[in-house]
Amino acid sequence: MSAFLEVNNLSVKFPTPDGVVEAVSEVSYSVKLGETLAIVGESGSGKSVSNLAVMGLHNPNSTIISGSAMLNLPSGPIDVVSASTESVRKLRGSSMAMIFQDPMSALHPYYSIGDQIYEAWQVHHKGNKKEGIKRAIEMLELVGIPDPNKRVNDYPHQFSGGMRQRVMIAMALINNPSLLIADEPTTALDVTVQAQILELIKNLQKEFNMAIILITHDLGVVAEIADRVSVMYGGRIVEDAKIDDIFYKSDHPYTLGLLNSLPRVDSEINQRLQAIPGQPPSLINLPVGCAFATRCSFNSIPADNICKTTLPDLVEKTAVHYSRCHLSSSQLITARTGA
Amino acid sequence: MEANRHKLGLDVPVLEQWWRFFQGLFVGRTYAEDGVPFSCPAPAFGYSFNRHECVTTIVAEAFPITFSLAIGAFVLWLSVGISLGVLAAKNKGKIADKMSTAFVLVGTSLPTFITGILVVLFIVLKFNLVNPLELGNWANPFTDPIGWLKAFFFPCSTLALAYAATYTRFTRSNVIETSSEDFIRTARAKGLSEKTILYKHTLRAALAPIVTIAGLDFAGLLGGAIITEGIFSLNGLGKLSITAVLQTYDLPVIVATTLIASTFVVVMNLVVDLLYAYIDPRVRK
Amino acid sequence: MAENILELNDLTKYFKSKGQGVFNRNPGLVKAVDGVSFNVATGETVGLVGESGCGKTTIGRTVMKLYEPTSGSIVFDGEEISKLSYKKMKPIRSKMQMIFQDPFASLNPRHTVGTIIEASYLIHKVKPAGGTKKTIQELLERVGLNPEHINRFPHEFSGGQRQRIGIARALALSPKLIVADEPVSALDVSIQAQVVNLLSDLQKELGLSYLFIAHDLSVVKHISTKVVVMYLGKIMETANTAELFSSPKHPYTKALLSAVPIPDPVIEKSRERIILKGDIPSPMNPPSGCVFNTRCWKAQDICRIETPKLLKISPTREIACHFPEN
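Protein chains in written order, with the numbering used here: chain A, 1 to 339; chain B, 1 to 285; chain C, 1 to 326.
This is chain A alone, in the form it adopts within the complex (with noise of 0.2 Å):
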């Protein structure tokens, strides 16, 4: 089955007036119907700014980007990148959804979240009032909101932040989108909340058979409801695999280092935790060389200084494991099982 989303070697870039910023630098990543890829990585990683440009949602006017990201409809095959904005705006919504991190402020204080939710079915069908608010209700029923035929005439200050998240979930999937992109979805929630939440989107997933980018910085959700990880830093992808490749079998020093600083609530009590050292690097002075280079406790091991000097390239390690690191894959299981 080929992928439903392709995105080839895009970059984003940003004019400011302390020069060009990179935020994201020739990603390539690939999602399937059904499947959920996580994006993760910190602030300033570029996991956020890569998928609001597969939404189109960044200002054509402050934003230069380049590459591709196809969407490999029913009727063909669109490229978001290279299409004019109003074809990308009748994706939107459509075949394409994406909820944001903070539900608090995502939903607009002076309408109702039927007419909200309305709004977005209406946007894309051409039905009247009635249906449309029938629907809504349908997808309020959906995602678990208690008495929804009294709470679709509700303001969104009368919500929870559970409540708010799982009514951004019934406005994005209204109409059957194929890409749900979730971005930071439970941050902002409180954990037991959150774990309500992980599993309506996982149970959606199975219903509507879509495939799921979800962005996070949270390796205990990626572990979860992922298939596949991608790992940004710096504005690039420095590992992609299975998630049990990731988290078992890592074959890059940043997510090992990620791993190793993790705190549990299964580990050992009072245990020290294995910090990295030093800051993400700023994207406006990216190093030359291996942006993780100067936090790295390997960057020694490659001979004549190449992770300082040289970006290395992304490459297959294993079998369908990607790593952009000059360590080699022995040399990578050495510092697995050595660190």
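For the record, the hints were derived by calculation from the structure and aren't laboratory data. No residue lacks a Cβ here, since even glycine has one placed at the ideal position from N, Cα and C.
Here are the in silico distance ranges between beta carbons for each label pair:
#1 109/C with 95/B: 32 to 38 Å
#2 194/B with 309/A: 44 to 50 Å
#3 194/B with 273/C: 42 to 48 Å
#4 233/B with 16/A: 52 to 58 Å
#5 17/C with 206/A: 41 to 47 Å
#6 125/A with 123/B: 52 to 58 Å
Assemble the complex: chain A is given as a structure, and chains B and C must be docked to it using the hints.
Same frame as chain A, now just chains B and C:
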């Protein structure tokens, strides 16, 4: 002396004087002048011994003029101010934006008396648009719209200029700020057109605060625009009050105009609060 | 120094909430903290955990007397401070300090790092030995910053570095107790570990006691000796860290632990998950009886009627539940 005091009703305790005034507002009042009683119908604001008329009549003549001025200016400044503000926000950084900034600067720096005099000298007189002797003549807008326009177009524009400038600036910054809100990004993610996003989502949120300010500005004008009325020879409440204060020392008139002006402001405060609750459901809670 | 650096006894903090409509009808009472008792032993870290509306941040601020307690007692280093006036609190404040969650908002952007830390000395009229500047530079070094950056402004630092500045500021007057309110939640994951380690090191070095407020149970496990679990203003369970994580007795604690995602796919897929139904109720309208009853799978009638008391079931464990787990 005593006779005068009695005639003016000043020989009774203050509380009773106030009560008589208050009653008069609802049922009318009788005033004694030269021994001949004179009745003023409700609402009786007082009797101008200066002009030998019930103040109510005087005010009733002046009010339509002030109201025309206020409403004309209001409509003008809202339409110009908001559209220019939206235009500037949409074209942020470009020529249209820079030009509207210039407009804002001019509008907020020029005081009404300068603008008014400039308009009279360089537009009205120079191009002979209105007969200077006819300036300030009242014409009923329903029966004589041209006459009404002749009398009110220039004063309304003069008055509107300063307000329009402020509203342009306000609208521009609000629209820019609202455009970066998360719910606008959600609207875009749903696939709404930029036009729908602007008019249905952005403006509604950005302009809500304007309701309060516009209402109060309008209420303030209902009490009279002293300078503008003066320059354009309009006999509105503003001219009435300033004359009563500076020239004729006509106390009943001063009391009446002050009372009317403050009533408008208080009522408008309530109206604006209710309107805001209608717009913003969060306030209704 | 006393055995317990901090003792809270039946502490409450209620806030008046605005009434409804134009005429302020039915003003309510938000019982943010409703009868909380626990101790922080000298040199230990107590992790205070809970979700939104549980009252943990309010406790932190009330302990620091940033809010005046509605009732109850706060004993700091052997001294009852709950009723002390603002003036009388001042000398005590140098011994209890706070670190805040948002490294971007808690530092004055117009002050240099040096000025920010110096303020502590100026306010308490302390002249540190060796000179103020030198002492500040030593503090910066101790928290892992370059002492030469003493004249830089907050915006010139990253989030993690700003949090270190906040820690340096808290350490300036050699406090005995530090109340850390979500000190790492706003930081990137790779930086969180650095700051947690720093706090841990400083505790060993300086004999500090921490009240560590967090919603992230995984972080709490790494730094606390004892954990207090809160829900809607009340304590659900108190236990030492090892016990709480290995055998939680309160249904809420169990659900909370079950909800925390573990970065390990094999474990995640084989875990028994408890998914609670419904939302966290609003603290303005808490459920009657046991505040957790609306979401508890074990709730019976008595839970809706009678609020369970916080009972000591072992020397190290307290629990407020009518039907604790075995």
